[in-house]
Amino acid sequence: MHSPAEAMTGPWVGRPMKRKEDLRLIRGQGQYLADLKLPGMVHAFFVRSRQAHARIKAIDVSRARAVPGVVAVFTGTDLLKLGMRELLIPPLVNELPGTLRLPPSMPLAVEKVVFHGEPIAVILAESKYALEDAADLVVIDYEPLPVVTTVEQALADDAPLVYEDWPDNIIYHEKMGGDASDAFGKADIVVTERFEVPRTGASPMELRGVLTQWDDHSGLTHWTTTQRPHLLRQAISQVLEWPEQMVRVIAPKDQGGSFGTKAPHSREDFILALVAREVMRPIRWVESREESFRAGVGQERAQIHEMQIAARSDGKILGLRDRCITDIGHGQQPVFMGIMYPRAGCFMMTSFYDIPQAEIEILGVVTNKPCLTPSRAFGSFPVRLAMDGAINRVARELGLDPLEVFRKNLVTEFPYVAATGNFLDSGDFVGGFDKLVETIDVASVRDMQAKLREQGRYIGLGFGGEVERSGVSSQAYVPRQRKPGYGVATVKVLNSGKVHVLIGDPPSGQSHETAISQVLADEFGVTPYDVRLDYGDTLSTPYGMGNVGNRMASYTVSAAVLAARELKKKMGLVAAHDLGVDASPDEFDFEDGEIIWSKDRGARIEMRAIAEHLIEQPIKLPQGTTPGLEHTAYFEPQNVPNMTGASFHGVIVEVMPETGVIKILRYVVVDDCGKPINPLVVEGQVQGGVIMGIGNTIFEEYVYNERGELQNTTLEGYMMPCAADVPHVETYDHSVPTPNNPLGTKGKGEGAPAPVSGALVNAVEDALRPLGITITTLPLKPERVRAAIAAVLSPESEGRPADWVEPIVREFAGEGEGYDILAEMYRFYDGIQISLQPTWHPYVGQIRGWLRDYGQLLDHAAASPAVVNVLAQMFSGEREFSLQSGADADMTAQWERLQALPRPDGGHAYLDYIIPALESHELLLIACTNAPTYAAAP
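Under numbering that gives the first Met the number 0, the first residue of the sequence shown carries the number 0, and numbering increases by one thereafter.
Treat the hints loosely; a few may be bogus.
[What the hints assert, rightly or not] Distance condition first, Cα-Cα at most 20 Å in a straight line; then the derived PhoX-like pairs of lysine-lysine:
| # | residue 1 | residue 2 |
| --- | --- | --- |
| 1 | K491 | K598 |
| 2 | K315 | K450 |
| 3 | K17 | K56 |
| 4 | K450 | K407 |
| 5 | K450 | K662 |
| 6 | K568 | K497 |
| 7 | K434 | K111 |
| 8 | K56 | K80 |
| 9 | K662 | K780 |
| 10 | K482 | K450 |
| 11 | K252 | K17 |
| 12 | K568 | K619 |
| 13 | K80 | K111 |
| 14 | K185 | K407 |
Quick caveat, the hints were computed from the structure, so don't treat them as lab data.
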C-alpha cells in the first residue's frame, strides 16, 4: 500500500493531504467503463433522428440487418413487443406544487420524433465497423412538421404544438413565494430588467456508457456511468417490470467527471437492459462526443428572467418579482423532466440576501430541442446573473456603491427562512463578504481604476455569491420524489484493525476515498491508508439516493461517523472488559492503532486485539455483547430540511472596448464549507467550479438553427475554455460549522460556478461605467460587449447608424474652422476607443500603441493655436504643406511608426474611424512640423 512521506499521525481532518485516488489515475490504472470487457461482448450503436420534428412514416432496417457482423437491430415497435413501457411512469415523476403535463416518453421513438438526435433504432454488432456500415443502411421515411426552437415561438398564439394533444406548449406553471405588493407599494425605486442565459452546461471528459448482460440465474448485471445506481436499479425494475432482486447496477470504480450529467436515468440504460435479455449476450455502448451533444447531455441553464426589484433609497431591498421562462426542450426525462432546474434556482433566488417578499412565476416551455439535463449549479447559474445583476443595477440607479448595497442586504441571523421557503441553517455572511472586500483591497482597486482610465484603459470590479444547499433531507425529499434524503454508510472494522467502508453513492472525481479515509482515520486513530472505501454496487452497498446535490460531506460522511462511533462504543466496552478496568465505553481514546483509557493512559490495548476478540474469538465477551464489528448508520439532520454553505466571489477584469475582449486580472473566492475535511480538495472544487462558470459566462453556448439542428457538435465548436483562458483562482476559507451534523461539514461540489455569471457581468459593467453600459445576456463574447457599447452610443431615436459614436465635448482655447477640424479628429479617436471594432489579428497591440501617439498629439495640437491655424490653412487650400524633414526627432519617429503600421482592409464598421484617424494623424504631424512652436530650431 502506498503511503506518502508525511507525518502518519492525526488529526487528519483539516489536513491538505494529496488524494488517495490520484496515484492509480496518473499511472493509467483507473477502471473506467470503456476499460470493461466481457467474453462474447457485442457493441451497440443508436440511430438518431436527423429531423427535429417529424412523423415517422416507415423504418426499413432490412439492409442493416443483413450486414455481416450485425447481431440484431431493434426499433421502437420491436421494443414494445418485448415489453418496453413509457419512461414517465408514476414512480419516476416528481410531485410538484405547480401544474405539470406529462409528454409521451418512449425510449426509442415510435410514431414521431421531437428533437434532432432522438434515438429511433439500436444496432448490435460484433465490431464497431459493422455498426457504422449498418447505420448508414437504416432508411427512415419522415413527414416533417413545423419546428419550434425558441420560447418566443413556443408561446406565440399561432405556435406549432410540440405535442398535438396539448392546448399549448407549456409543460409546467407555478407561482412561488407570496404577494410582494406591500414591498412595491413602499418602494422608493423599482428597477426592471430582463436577463437571458442560453443553453450551456457541462461536458465531462468521460461521457456516458453501458456494459450490460443477462443470464437466467443472476438476472441483469448492468455497469453504467451513473451517479445514482440504487435509484436506477429501481427504475429499470419498475419500467421493465422485472423483479428488483434480479437487477444489479454497478457504477465503475472510476468515472471521468459527471457534474450532474449522469444523474438522470438515461433512456439508453433501459433499452440496452431489455435487448441484452433478448440476445443473451453482453452489450457495450460508449457514447461519442457528437452523440452526447446531440442528445443534449449536460445542456442546462436556458432561462429568461423578467425581474423587478423594489428598494428604498438607502439601497435596502424590500421585495422582488420575477417571471422565469425556461426552454425545457422536449421534457421526456424521468424524475427531472427539465423543470427541476429552474424551479430549484428560483427557490434559492434570494440566496444570502434578506429580501422579505418574493413573488415568482415559473413557466416551463417545450421546444424541439433535447430536454434540459442537470449541470453543476443545478438551476442557479442563470438566477445568480439575474439576482446579483439586478441588485447591482439598484446600486447604479441610486448612485450608491454596489458594495454598500450588497452588504446592507445580507442575512445576519440564523436560522433564516427565505420568502421562497429556502432554509439557511448557519453562516457568517457579513464576515465572509468583509473578508472578500479586505482581500481584494477595494480602495486600491478603485485608485488603479481611476489612473488607468486616464490612460484609456478600462478595468472593473464585480461581486457575486451563492448560498449552497448541502443535500436535502427526507422531510423535503419524500413529498417531492417519494425517495429518501438520508445519508447511509456501512463501516466494518476488520480483524486486522483496518477499516472498510461501503457507501451506495459512487464518486466521479469528488475525492470520496480521501475524504472518508481522513474522517475515519481520526475516528479510529489509524491512518487514511488503513481505510478502504467501496461504492456504487447495488448488490453489496447500502441503499443510497445518489451522489448529487452536495450530499457527500454533509450526509454520507455523517453517516460514516455515526457508524464508526457505534463500533467504537462496542470496542470500548470490550476493551474495558479485557483490560479489567471499570470504565464506560466513551472513556476510551483511539490513537495510533490503540484503544487507551483516558483516565489511566497506561491502560491500553491494540485495536487489532479487540477486533480479533469480537470477530475471530467471540468467547468471554461482556454479557449481552454480540460478535462482529460491522454497523450501518443512517444520517438525517434533525428538524431542518438542509444545511447551507456559502461563497462570495470578487473579480477584477479589463475590457478592451475596441475589441470587446475581456481579460480577467484577478478572481477571489471566500468560501464557507462548514468544516473543511481536506482544504486541498475544497480548493480544487472551488477552482474547478469557477473555471466552469467562466466558460459558461464568456465562451460557451449550444447553438441551434431554425431547423432545430445543433450547429456546434464538437468541443472546438462549443468553445470550452482552456488553461490559457482562465486566471488563477484565489480561495480563502471563512467556514462556519453547521450545528446540524456530527462534524459541522457542508458540501462544496455544487455552487462554485453559479456566482461567476453575476460577478463577471457586474465587473464588465463597472469597467465601462463611464459609458453607462448594461449587459443582460450571456455569453459575454466580444461581439456582445461591442454591441452593448453601440446600444448606448447609438440612440436609434436620432436615426443614426449602429456604428455612430457621439463625440465627447471638449473645451478648446479658441473658435473657428481649425478647432472644428480638430474636434472631428478627436471624434475619430473616441470612436476607435469605444467602437464596434472586431478583434484585428495580429495588429491589435500595434494599433493600441499608435492610438496613444495619436491621442497625445491631439492634446498637444489642442494646446497650440499655431498648429490649429496651420490645420485651417491646410484645409482651406491656401497653400500646400508637407512634413518638414528638419522637425524634432519625436515627430519624425511618429511619422515612421505611422507609415509602418499595417492598414486594415475589409468592410467593418470600425473602418469609419480607423482609416480617417490614420489620415488625420498624418495631417497633424505635418501641421505640427510647420507650426512655429513645433518647427526645428534654426
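Sort out which numbered hints this structure fails and list those numbers smallest first.
Of the numbered hints, 1, 2, 3, 4, 7 and 10 do not hold.
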